[in-house]
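Protein sequence lines, in the order shown, are assigned to chains A and B.
326 is the number that this note's numbering gives to position 326 of the first sequence; each next residue is one higher, with no gaps.
So the mapping is simple: this note's numbering equals the position in the second sequence, first residue as 1, plus 1000.
What the hints contain is simulated information worked out from the structure, not anything from laboratory work.
Here the structure is a predicted model, which means the values were calculated and not measured.
Each hint should be verified, as a subset may be incorrect.
Mimicking DMTMM-like on lysine to aspartate or glutamate, the simulated pairs with C-alpha atoms at most 25 angstroms apart in a straight line are [as the list claims (entries may be wrong)]:
| hint | chain 1 | residue 1 | chain 2 | residue 2 |
| --- | --- | --- | --- | --- |
| 1 | A | Lys353 | A | Asp106 |
| 2 | A | Lys473 | B | Glu1046 |
| 3 | A | Lys320 | B | Glu1136 |
| 4 | A | Lys435 | A | Asp178 |
| 5 | A | Lys384 | B | Glu1136 |
| 6 | A | Lys495 | B | Asp1062 |
| 7 | B | Lys1061 | A | Asp489 |
| 8 | A | Lys473 | A | Asp177 |
| 9 | A | Lys384 | A | Asp177 |
| 10 | B | Lys1061 | A | Asp488 |
Derived coverage of chain B by chain A (criterion: at least 3 residues anywhere in the stretch with Cβ under 8 angstroms from a Cβ of chain A; other residues may be distant) [claimed, not checked]:
| hint | region |
| --- | --- |
| 11 | 1035-1048 |
| 12 | 1083-1093 |
| 13 | 1122-1134 |
| 14 | 1175-1189 |
| 15 | 1249-1257 |
A virtual CB, placed ideally from N, CA and C, is assigned to each residue, including glycine.
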Amino acid sequence: MATLPLASRLSRRSLLTGLVISGASAALAACSSGTSTGAGSSTPASSAAAAATTAPAPTSAAAATSAPASAAATATPAAAATTAPAAQAASSAGKTEIQFYSPATDKLGNKIIAELADGYNKQSTKATVKVITVPTSNHYQKYVTAIAGGQSPDAIMTYDYTPIVDWASQGFILPMDDYQKSMGIKESDYFPVAWQMIFFHGHLWGFIQEFDFDILAWNTDMFTKAGLDPTKGPQTTDELDKMAEQLTVKDASGNLTQIGFCPWITSNTLTWSAIFGGKYYDAGADKWTISTDQNIATFDWYLKYVKLLGGPDKVTTFQKLFTGNQTPFYSNQLAIEGMGEYTPITVPDQAPKLKFANGWLPTASGVKFGTDQTGGGNVFVLPKGAPHQDLGVDFMSYMGGNAAVLQWNVEENNVPPVQSVAFDPNFTSKVPLMKDWIDVLKQNMMVPPATSPIDPFFEDNLSTARDSIIYGKMTPKAALDDLAKKVDDQLSQFKASHPNW
Amino acid sequence: MTKNERRELIAGLGFISPWIVGFLWFNLYPVIASVYYSFTSFHVVETPQWVGLNNFQILAKDGLFWTSLVDTIYYIVGSVPLDLIAALFFAVLLNLSLPGRSILRTCYYIPTIVPTVAASILWIMLFNTHGGIINETLGLFGIPEVPWLSSPNWAMPALILLSIWGVGSAIIIFLAGLQDVPSTLYEAAQLDGAGPAHLVWHITIPMVSPVILFNGIMGMVGAAQVFAVPFIMTGGGPLNATLVYSIELFRNAFVYYKMGYASAMAWILFIFLFALTLLSMRLSQRFVHYE
């Protein structure tokens, strides 16, 4: 071995010092924790239902904005996990601190969560909740890593329903059956579509605070300019198609300068399938129903728009003209779109000059007007390994209780899943826009999301199937047959590793 | 071993112990564990269940696995030669005695230190179909707008073009190789009447061929594992046109929580890269010139 001059001068003391420093460094290295990075989250799921009802009068933007003045749900860039200051108050003597992962990075959601957490901290004699905000884009990794690493919080809230059934089937979250009775949770308190989202596979898996779906929005100025009645949106897909044709404008080179309507750039495939009476999952039969006549008809309808608009590349080129908040709809260049039911209250902030109206989605022949699809909503779940399960459930039952549900839905312009809150005058008078959709719920015309553990896989691959259809690579039937096969294969693999699910 | 040598050994090991601990715990253990997991059905919080070769058998029939493998090979075949040619070209230019040479060298290296996320977002804007600087420039020559990132036909070529952005490190390595070429060889060739093209073809390239091999292998390894840029810019789309291997692996591991399946994918990638490297080494015997 070669002798280094420096090493030969090492004394025992310097050697020991070096070892101590090295040991400390190693300990630090071992204790340091990594941070997870972002990943995609996906959109809603499916299933169909229908019932007769009368048409709602279109709701004007003015009515929509009569919701709380505090509404300003401007999404803020997702940063690293942060702690809501309002909820950081030191725990009082004798109270246990519990951790709550919240997805509310948006200004309004963050404010409401902080207020609700404060309210809980004041009224609870047992626990003080610490709110830790985790961006939705990170929850697939952050939550699961925390649970797998034995660092579970005591309660988790998600904005995205898609992973919930998957998490339940993988054992990331725990059933709350033991608490159901003591918390007084009854199926009859909820709208059926909401109950299906939290009670599946024979267990109660969480509390639901609100749920989301898309509503039709049309630009009243553009309607007037095109000679259409601005107070009347399309009620059938045939009417929609005619209006879209009338409202679409191209330049001399065939490039789009204005679009009437385009199904693949607004809302999502599941919603448009619902208005054709289609559904991709039958919860009652626990069966995927992908390649059906209704779903094929939906994509045949997409192809009409491929032809009308000159292909997906033309649409993408048109879309690229708009960035950030200046969407084509907000810029008066897309006449009709599907928007989240929570969106109308944010429009005045983002597009103050936009004049628009809202109404039910149009439906295809034979499908009841008013049919819609929910992609899920805000769900509170109990993670495996939660150190204070009872307190976590206590906090979640507060968040899923009537007062908190009312506050959230009034301020966020959402529909409450709890019937008593939805029909409460304190809600209906403050959020008049939601009245028409409560009618939809009353008549059970809202299609629930898929409660299958492989829903994230299905949704990723549904997007690919849609693209292969609009790019002309596959016919609707071939693409849906291919998707059905992939989903079957995935399901077989899942069943092999989860025989009891 | 003398007492002094033993003492030095202990001191040396002591000083590198943080690295050893880190390597064993954060590198070697996960690598070995992933071999085991690749033969199991493992969903993060459950106990892994031994399934033998089942993951590999399912992979063989998984259409998305093959799509991702084909996309990755497309990316390797497109980007590695292009990057090598670009890097060597710029290195030869930057090796000339030009005024401001050091500044130019710095400029070519800067993209390498720009964070991937920032660079990806920048390139999304540059590749913008309407109003992006690339299409605007092409428009000056009468070339119609290219839907770079939104068309299944153009998305992968766009990513391959973008890979040139990161050739700074390869340029530095080529520059080191070029500066090692004895000037006497050029002088002798010039006396024999060789022109600039002859000098590059008959002297420069053979003399830096070991560096070309090194950069080629490193480029292949890097290209086979490309993740962040396509993940941010296209998410694997449109129509799975940029669904590179690492994105599919990531989805299986962290979106569908199929850790055993993802581990099997990781080991197939390792075997693929190992075979590719061996093949390169074997082929290199024909054209790599060692002094």
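Verification of the hints:
Of the supplied pair hints, the one linking Lys353 of chain A and Asp106 of chain A holds, its CA atoms being roughly 23 angstroms apart against a limit of 25 angstroms. Restraint check for Lys473 of chain A and Glu1046 of chain B: the C-alpha separation of about 40 angstroms exceeds 25 angstroms, so the hint is violated. A hinted pair counts as satisfied when its Cα atoms are at most 25 angstroms apart, and Lys320 of chain A with Glu1136 of chain B qualifies at roughly 14 angstroms. For the suggested pair Lys435 of chain A and Asp178 of chain A, the alpha carbons sit about 35 angstroms apart, so the restraint of at most 25 angstroms is broken.
Restraint check: the Cα-Cα separation between Lys384 of chain A and Glu1136 of chain B comes to about 54 angstroms, which exceeds 25 angstroms; the hinted pair is violated. Between the alpha carbons of Lys495 of chain A and Asp1062 of chain B the distance comes to roughly 17 angstroms, so the proposed pair stays at or under 25 angstroms and holds. Only pairs whose Cα atoms come within 25 angstroms are accepted, and Lys1061 of chain B paired with Asp489 of chain A is accepted, the gap being roughly 10 angstroms. At roughly 47 angstroms between alpha-carbon atoms, Lys473 of chain A and Asp177 of chain A are farther apart than 25 angstroms, so this suggested pair is violated.
Between Lys384 of chain A and Asp177 of chain A, the direct Cα distance comes to roughly 14 angstroms. Compliance with the 25 angstroms bound is thereby established for this hinted pair. With a C-alpha separation of about 13 angstroms, the suggested pairing of Lys1061 of chain B with Asp488 of chain A holds against the 25 angstroms cut-off. Counting residues of the region 1035-1048 of chain B whose beta carbon lies closer than 8 angstroms to any beta carbon of chain A gives 5, which meets the minimum of three for the stated coverage. Counting residues of the region 1083-1093 of chain B whose C-beta sits closer than 8 angstroms to any C-beta of chain A gives 0, which falls short of three, so the coverage hint is violated.
Counting residues of the region 1122-1134 of chain B whose beta carbon lies closer than 8 angstroms to any beta carbon of chain A gives 5, which meets the minimum of three for the stated coverage. Using a Cβ-Cβ cut-off of 8 angstroms, 0 residues of the region 1175-1189 of chain B lie near chain A, which falls short of the minimum of three, so the contact claim is violated. Counting residues of the region 1249-1257 of chain B whose beta carbon lies closer than 8 angstroms to any beta carbon of chain A gives 6, which reaches the threshold of three, so the coverage claim holds.
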